[in-house]
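Asker: Just need the whole structure built from these sequences, with the hints factored in.
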Amino acid sequence: MQVYTETTDGSSIESKESALVWHYLDADHDFGSFQAKELQGHLERVLSNEPVVVKCGHYIVEVKPQGVSKGLAVNKLIHTLVKNGKAPDFLMCVGNDRSDEDMFESINGMTSNAVLSPTMPELFACSVGQKPSKAKYYVDDTSEVIRLLKNVTRIPSQRQDVSASHGRVTFRGVLDYVD
Numbered sequence: 001m002q003v004y005t006e007t008t009d010g011s012s013i014e015s016k017e018s019a020l021v022w023h024y025l026d027a028d029h030d031f032g033s034f035q036a037k038e039l040q041g042h043l044e045r046v047l048s049n050e051p052v053v054v055k056c057g058h059y060i061v062e063v064k065p066q067g068v069s070k071g072l073a074v075n076k077l078i079h080t081l082v083k084n085g086k087a088p089d090f091l092m093c094v095g096n097d098r099s100d101e102d103m104f105e106s107i108n109g110m111t112s113n114a115v116l117s118p119t120m121p122e123l124f125a126c127s128v129g130q131k132p133s134k135a136k137y138y139v140d141d142t143s144e145v146i147r148l149l150k151n152v153t154r155i156p157s158q159r160q161d162v163s164a165s166h167g168r169v170t171f172r173g174v175l176d177y178v179d
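Those letters in the sequence shown? Residues 1 to 179, by this note's numbering.
Please keep in mind that the hints were generated in silico from the structure rather than gathered at the bench.
Warning: the hint list may mix true and false statements.
To be verified - Below, a list of computed lysine to aspartate or glutamate pairs in the EDC-like style, where the Cα atoms sit at most 20 Å apart:
1) Lys-76 / Glu-105
2) Lys-55 / Asp-89
3) Lys-55 / Glu-17
4) Lys-150 / Glu-122
Answerer: Have a look at this one:
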């Protein structure tokens, strides 16, 4: 990754607790995309015998341990909270990337789980942007995420009406609630 960072202006490496990520959002679009594909292929070859996964996402190439995902993390967190009698009243997972889809799938699975339903009535999986996704809800962009989060904290405990749109639901009513 270091070599690709040195040869790709506008790219950087981020070391997370559970992953190593090469970012190229600020690089030249075409060259960054080309470098990302090259890096992904190189890492897959070099790390083929290691217990890791190499994934491409929204202007990133990520290397993380096998068996680690946002979906598993959310699932474990919620089940632990429920088991300890501390189930949340409201949970919203927001994401803008393919790497978020397993998290959305996990949330969808929990909403249909009869054991969790009585203790966890408010679960939302929300994608950023109108694109194919396992998330049931969407907002158009990150500015709407910020407005949504601000407004959600101001809503009375009653559920808001939502409007259907192409089989998915928008949070327009919530976004307009306080504005």
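Asker: Would you list, in rising numerical order, the hints stated earlier that this structure does not obey?
Answerer: 2
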